[in-house]
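> Letter by letter, the chains look like this.
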Amino acid sequence: MQMRNTDMSSIISADKSSAAELSETHEAMATSKRTSEFAEVFRHLLRNRAAVVGLFIIGGFIAASIFAPLLSTHDPLDTVLSNRLQGPSSEYILGTDELGRDLFSRMLYGGRISLSIGLISVLIGVSVGVPIGAISGYFGGKLDILTQRFIDIMIAFPGILLAIVVVTVLGVGVQNVMIATGVASIPVYARLVRGSVLAVKEQSYVAAAHAAGLGHARIIFRQIVPNCLAPIIVQSTFQIATSILWAAGLGFLGLGAQAPTPEWGSILSNGRAYIRTAHHVTTFPGLAILFMVLGFNLVGDGLRDALDPKTR
Amino acid sequence: MYQYIARRLALTIPVVIGVSIIVFGIIRLIPGDPARAIAGVNATPQFIEQVRVRYALDQPVYIQYGNFVVNFMQGDLGNSVFSGRAVTTEIGERFPRTMLLATIALVIATIIGVSAGIVSATRRNSIFDNASMLVALVGVAAPVFWMALMLQLLFAVQLSVLPATGIGTIQHLILPSLTLGTASAALMARITRSSMLDVLRQDFITTARSKGLPERVIVYKHALKNALIPVVTVLGLQFGILLGGAVLTETVFAWPGVGRLLVDAILRRDYPVVQGTVMLLALLFVLINLVVDIIYAFLDPRIHYQSGSGE
Chain A
7 MQMRNTDMSS IISADKSSAA ELSETHEAMA TSKRTSEFAE VFRHLLRNRA AVVGLFIIGG
67 FIAASIFAPL LSTHDPLDTV LSNRLQGPSS EYILGTDELG RDLFSRMLYG GRISLSIGLI
127 SVLIGVSVGV PIGAISGYFG GKLDILTQRF IDIMIAFPGI LLAIVVVTVL GVGVQNVMIA
187 TGVASIPVYA RLVRGSVLAV KEQSYVAAAH AAGLGHARII FRQIVPNCLA PIIVQSTFQI
247 ATSILWAAGL GFLGLGAQAP TPEWGSILSN GRAYIRTAHH VTTFPGLAIL FMVLGFNLVG
307 DGLRDALDPK TR
Chain B
27 MYQYIARRLA LTIPVVIGVS IIVFGIIRLI PGDPARAIAG VNATPQFIEQ VRVRYALDQP
87 VYIQYGNFVV NFMQGDLGNS VFSGRAVTTE IGERFPRTML LATIALVIAT IIGVSAGIVS
147 ATRRNSIFDN ASMLVALVGV AAPVFWMALM LQLLFAVQLS VLPATGIGTI QHLILPSLTL
207 GTASAALMAR ITRSSMLDVL RQDFITTARS KGLPERVIVY KHALKNALIP VVTVLGLQFG
267 ILLGGAVLTE TVFAWPGVGR LLVDAILRRD YPVVQGTVML LALLFVLINL VVDIIYAFLD
327 PRIHYQSGSG E
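Same order as they appear, the protein sequences are chains A and B.
The first sequence begins at 7 in this note's numbering and counts up one residue at a time.
The second sequence begins at 27 in this note's numbering and counts up one residue at a time.
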């Protein structure tokens, strides 16, 4: 790679300053192009009925989470043992749980937890996985081989298992669940970005950037990564959904949020014992998880089509 | 072809070593004394010292790791803190049950998923297509443990036609494997459909149509063979995900497999058992992926030793 770059630059760098200008212009153009590109993608997304449904679902959950203190009818932690396991009523919209806490209020706050786990775990996955994949794909060679084997090892722990291993080491709790699901998503991003970088790095503007004498870091993060954004955005939408599912699974197993935190997975798990008499404690949190995950998946599908020039 | 397989095998070695390092690391990374972690929270100081000597925990880490690998090769994964029995015995008893569950779930998922995908692709935008794709979307989004509880509620509590938990009869298998297979079936339906649609657009299908071949022959003989290639790749991945998902399904259905063993072990801080089950599940997944890649190489003539990077 290094060899070829020198060849390239000897051809292109006849006028090094003009190449630098070209590269600067590319960055500036890319920024303005990206804004209109964004509008175009958004327009396309809004024409997709399923994606609009997904946007509404996500928007609803976000609004419910933000306004949880206003919307909740009771204190989510307030136990009234005489009112335990009541079905939905005008007093308790979705009924009460095994300690007489208002299920509706608990679920509102639970939405905050699920959404933040989804977002933060994706932030962790992106901020670690993207640089790993970008550097691995960009430099290639031994570094790439080494990184790939490392990613292979992470991928060897299927599905939720990697998150379980991380939680085993770190201990339970919402924060550790965020880290665990985030770590579990790192290999996904590393693989994805490496693939895109391999395709993008052969483009002429990257050669121009080399010729202009731009540093590797700037080329990777200002020139290459912005052009791999589409798959990263699509993957992140799906990954939020996956992380929410994983986190709920960990909560269900007792390895996630701990009592009395109103996390959907653990609410559901606590309601299990009463499923014969009061199945609402199990049914409603599960439906909430289902719809939240569905919302992100629908938007993810829509974004994938909207960002793919072939289907546009 | 054989060079590709050899290369693919060679790539497995560092992964297996890496997995063993991570599993070895679990006990060392937990805050506190590893000897106490292996001996159990309630162990006497004498027993903790015994464990320290037995596993050479007073030696440098690389010697400890060496011992770990040697012991593992000899089938010694230590003893369960909870039951006192050998970890290999504990796992050996439960592993066939998890395999049974995961295999049946995969078979169900493949039959339902692939057939729904084919019908959806051939009758694109029909009511069947739209309905099954909607069901697939919900199937992917529904948490597996919730699905398990809802099926229990319906079939065991309300209709009383199937047992809610336990093992023993074929009836006991139905709900757990159905639950476990749902998400995979949904995913496979979506993949089969899109793969089938891709293939049906290709030139050789048009040629087959212009030759006047019956649609049935075109779909099942010409298109399906090609459309199934991506499905086969996903199959291996799905089996791994099913093994991971067994952790949740087995917990709901009180199915005494390795998934439940792992969860119980984590909650009881029975770290030798945690190590053993994690190691088993990861190595099994590595093996499955290896087999799938080799099958894939036979199925897809485009892969040969020159391009075989194993990715």
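Rather than coming from a laboratory, the hints here were simulated on the basis of the structure.
For glycine and all other residues, C-beta sits at the position ideal for the given N, C-alpha and C.
A couple of the hints might just be wrong.
What the hints assert, rightly or not - If you only want the chain B side, here are some residues facing chain A, beta carbon under 10 Å, derived:
id: 1; residue: I144
id: 2; residue: L274
id: 3; residue: V304
> Hints first: check each against the structure and report whether it holds.
Each hint, compared with the structure:
no. : hint : verdict
1   : I144 : 21 Å, violated
2   : L274 : 5 Å, holds
3   : V304 : 6 Å, holds
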